[in-house]
Amino acid sequence: MDSISRVEYNIRDLSTRSVTLFPTKAQVSRDVRDVPLRPGTNEITILGLTPTVDEHSIKVEGNGAATIVDISIEPVPNHELFADVYPDSDDEEKSDEESDVEDVEVSESPELIAAKARVTELNDQVEIANEVVKSTELRKRYLNGYYNSLNPKHNIDIEKAMATYKDERIKAHQECLEAQELKSKLEPELQKAQAIRARLIKRHQREKTRANRETAKVRKRKSVERRNKELREQERVKEKNRIRADRESFWPKYCYAVHIKLEVGIATPAPSSVDVAMGEKDREMPQNVQKGESVAPEDVMLQSCDLILSYITGAACWQPSYDIQLDTTNCTGILCFDAQITNTTSETWERCKVTLSTSQAAFSGLVDAAPTLEPWNIILKPKGDGYGPDPLVKSREEVELRSRFWESQHPSFRSWTTCGHV
Numbered sequence: 001m002d003s004i005s006r007v008e009y010n011i012r013d014l015s016t017r018s019v020t021l022f023p024t025k026a027q028v029s030r031d032v033r034d035v036p037l038r039p040g041t042n043e044i045t046i047l048g049l050t051p052t053v054d055e056h057s058i059k060v061e062g063n064g065a066a067t068i069v070d071i072s073i074e075p076v077p078n079h080e081l082f083a084d085v086y087p088d089s090d091d092e093e094k095s096d097e098e099s100d101v102e103d104v105e106v107s108e109s110p111e112l113i114a115a116k117a118r119v120t121e122l123n124d125q126v127e128i129a130n131e132v133v134k135s136t137e138l139r140k141r142y143l144n145g146y147y148n149s150l151n152p153k154h155n156i157d158i159e160k161a162m163a164t165y166k167d168e169r170i171k172a173h174q175e176c177l178e179a180q181e182l183k184s185k186l187e188p189e190l191q192k193a194q195a196i197r198a199r200l201i202k203r204h205q206r207e208k209t210r211a212n213r214e215t216a217k218v219r220k221r222k223s224v225e226r227r228n229k230e231l232r233e234q235e236r237v238k239e240k241n242r243i244r245a246d247r248e249s250f251w252p253k254y255c256y257a258v259h260i261k262l263e264v265g266i267a268t269p270a271p272s273s274v275d276v277a278m279g280e281k282d283r284e285m286p287q288n289v290q291k292g293e294s295v296a297p298e299d300v301m302l303q304s305c306d307l308i309l310s311y312i313t314g315a316a317c318w319q320p321s322y323d324i325q326l327d328t329t330n331c332t333g334i335l336c337f338d339a340q341i342t343n344t345t346s347e348t349w350e351r352c353k354v355t356l357s358t359s360q361a362a363f364s365g366l367v368d369a370a371p372t373l374e375p376w377n378i379i380l381k382p383k384g385d386g387y388g389p390d391p392l393v394k395s396r397e398e399v400e401l402r403s404r405f406w407e408s409q410h411p412s413f414r415s416w417t418t419c420g421h422v
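Using UniProt numbering, the letters of the sequence shown correspond one by one to residues 1 to 422.
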């Protein structure tokens with residue numbers, strides 16, 4: 001028994017040739033291009049047809065060196081996994097943890113640094129002068145205590161001691177006067193330096209406040225951007241969940257599979273214009289084929305063909321929508337004609353020709369009853385009879401339908417078909 005070459009396609013991987021939308025149905029045509037064929041029997045299986053398809057409307061057309069010998073349709077469970085067909089995207093936006101904007105450290109100006117150094121220097125000099133004054137006061141008290149402790153009984157030279165006391169007292173007083181004089185000179189300079197420092201510190205504080213204000217604006221803008229980013233992320237997740245739920249609602253539990261059997265002969269077909277253009281060398285057959293010997297399938301050149309799969313589904317349609325705008329001042333109007341397209345199948349039609357048709361798609365399946373053909377009896381009639389319609393022009397059914405129509409439109413009208421001949 002010859003081996004059968006089998007090829008499977010998924011309807012999702014086939015390109016859509018055209019979609020014709022009707023008010024209640026839709027006709028879809030898909031291309032199956034470059035189907036590899038081997039000599040003998042080939043079975044092409046197309047999986048994933050929507051369960052809403054009318055199985056009796058499935059039609060397959062071919063173009064190539066193969067003959068379609070059988071087409072069968074069967075409902076099969078959908079073995080595809082939803083997560084494999086619609087995986088979660090890995091390129092999701094990651095929420096980066098942005099560090100908070102810190103306050104800007106405004107560096108002190110050289111003038112402020114120099115003013116602070118000058119104030120520190122003058123403070124040190126004033127402190128030195130104060131220490132000198134305190135030191136002289138302590139020395140004076142010490143000398144006074146030494147002077148009060150002098151006693152002739154201690155065999156001390158009073159004159160020499162008095163001279164020493166006098167010299168030390170004058171020296172201490174002189175140092176005290178010099179320190180007070182230096183202090184009196186330094187204090188105005190210190191006050192002036194402190195005023196300059198205070199003015200420069202105030203200016204530095206204003207600059208720092210201005211910089212902090214700008215930082216606060218940047219921090220607020222960053223906070224708004226972060227909040228907007230969070231809102232966008234929430235909307236993205238919500239839209240992603242909505243799309244996922246929408247896809248899950250249309251995910252079929254079962255689908256239709258179309259099995260197409262093709263027969264391909266080993267002999268090459270008659271050369272076409274394309275074959276002639278390619279040349280004899282490109283379409284040579286193996287020597288054993290030319291001699292009539294048996295050839296293994298893998299040794300024979302593979303052929304290909306194109307198939308067109310068309311079917312009708314009742315889960316897609318379109319409805320017209322009208323919008324009229326009247327301008328009473330200019331006595332003009334604008335009429336807009338829109339189309340609302342509905343697709344509740346489990347298929348997606350991309351980059352295809354879409355046709356909107358106002359006619360009703362009618363297809364007679366195997367279970368539909370055949371139409372009834374009413375007989376039209378033609379009789380002879382005397383010439384010149386002016387009563388009633390001419391039976392040669394209208395059948396009895398047409399006459400009865402016309403009469404019922406006129407009676408429904410004019411109840412008081414008495415049809416002449418009920419009148420008898422006198």
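Keep in mind that a hint or two might mislead.
Mimicking PhoX-like on lysine-lysine, the simulated pairs with C-alpha atoms at most 20 angstroms apart in a straight line are [stated by the list, open to error]:
{"#": "1", "residue 1": "Lys-240", "residue 2": "Lys-59"}
{"#": "2", "residue 1": "Lys-202", "residue 2": "Lys-185"}
{"#": "3", "residue 1": "Lys-229", "residue 2": "Lys-217"}
{"#": "4", "residue 1": "Lys-116", "residue 2": "Lys-134"}
{"#": "5", "residue 1": "Lys-160", "residue 2": "Lys-140"}
{"#": "6", "residue 1": "Lys-116", "residue 2": "Lys-208"}
{"#": "7", "residue 1": "Lys-134", "residue 2": "Lys-202"}
{"#": "8", "residue 1": "Lys-220", "residue 2": "Lys-116"}
{"#": "9", "residue 1": "Lys-116", "residue 2": "Lys-140"}
{"#": "10", "residue 1": "Lys-183", "residue 2": "Lys-202"}
{"#": "11", "residue 1": "Lys-134", "residue 2": "Lys-171"}
{"#": "12", "residue 1": "Lys-116", "residue 2": "Lys-192"}
{"#": "13", "residue 1": "Lys-208", "residue 2": "Lys-192"}
{"#": "14", "residue 1": "Lys-116", "residue 2": "Lys-166"}
{"#": "15", "residue 1": "Lys-59", "residue 2": "Lys-353"}
{"#": "16", "residue 1": "Lys-171", "residue 2": "Lys-160"}
{"#": "17", "residue 1": "Lys-183", "residue 2": "Lys-134"}
{"#": "18", "residue 1": "Lys-202", "residue 2": "Lys-240"}
DEER-style ranges, computed between Cβ atoms [unchecked claim]:
{"#": "19", "residue 1": "Asp-323", "residue 2": "Ser-408", "range": "53 to 63 angstroms"}
{"#": "20", "residue 1": "Ala-83", "residue 2": "Arg-17", "range": "45 to 55 angstroms"}
{"#": "21", "residue 1": "Val-76", "residue 2": "Glu-400", "range": "31 to 41 angstroms"}
{"#": "22", "residue 1": "Ser-15", "residue 2": "Lys-240", "range": "25 to 35 angstroms"}
Don't read these hints as lab results, they were simulated from the structure. A virtual CB, placed ideally from N, CA and C, is assigned to each residue, including glycine.
Hints and how they fare:
1. Lys-240 with Lys-59: violated, 37 angstroms
2. Lys-202 with Lys-185: The hint is violated at about 27 angstroms.
3. Lys-229 with Lys-217: holds, 18 angstroms
4. Lys-116 with Lys-134: violated, 27 angstroms
5. Lys-160 with Lys-140: Since the Cα atoms of Lys-160 and Lys-140 sit roughly 18 angstroms apart, the hinted pair holds (cutoff 20 angstroms).
6. Lys-116 with Lys-208: holds, 18 angstroms
7. Lys-134 with Lys-202: violated, 36 angstroms
8. Lys-220 with Lys-116: violated, 35 angstroms
9. Lys-116 with Lys-140: Not OK: Lys-116 and Lys-140 at ~36 angstroms, beyond 20 angstroms, violated.
10. Lys-183 with Lys-202: With a Cα-Cα distance of about 28 angstroms, the restraint between Lys-183 and Lys-202 is violated, given a limit of 20 angstroms.
11. Lys-134 with Lys-171: OK: Lys-134 and Lys-171 at ~14 angstroms, within 20 angstroms.
12. Lys-116 with Lys-192: holds, 12 angstroms
13. Lys-208 with Lys-192: Violated: Lys-208 and Lys-192 sit about 24 angstroms apart, past 20 angstroms.
14. Lys-116 with Lys-166: violated, 43 angstroms
15. Lys-59 with Lys-353: holds, 19 angstroms
16. Lys-171 with Lys-160: Holds, because 16 angstroms separates the two Cα atoms, which is no more than 20 angstroms.
17. Lys-183 with Lys-134: Roughly 13 angstroms separates the two Cα atoms, so the pair holds.
18. Lys-202 with Lys-240: Roughly 56 angstroms separates the two Cα atoms, so the pair is violated.
19. Asp-323 with Ser-408: 53 to 63 angstroms: With Cβ atoms ~35 angstroms apart, the hint is violated.
20. Ala-83 with Arg-17: 45 to 55 angstroms: For Ala-83 and Arg-17 the Cβ distance comes to about 30 angstroms; the hint is violated.
21. Val-76 with Glu-400: 31 to 41 angstroms: violated, 50 angstroms
22. Ser-15 with Lys-240: 25 to 35 angstroms: holds, 27 angstroms
Of the numbered hints given earlier, the model fails hints 1, 2, 4, 7, 8, 9, 10, 13, 14, 18, 19, 20 and 21; all others are met.
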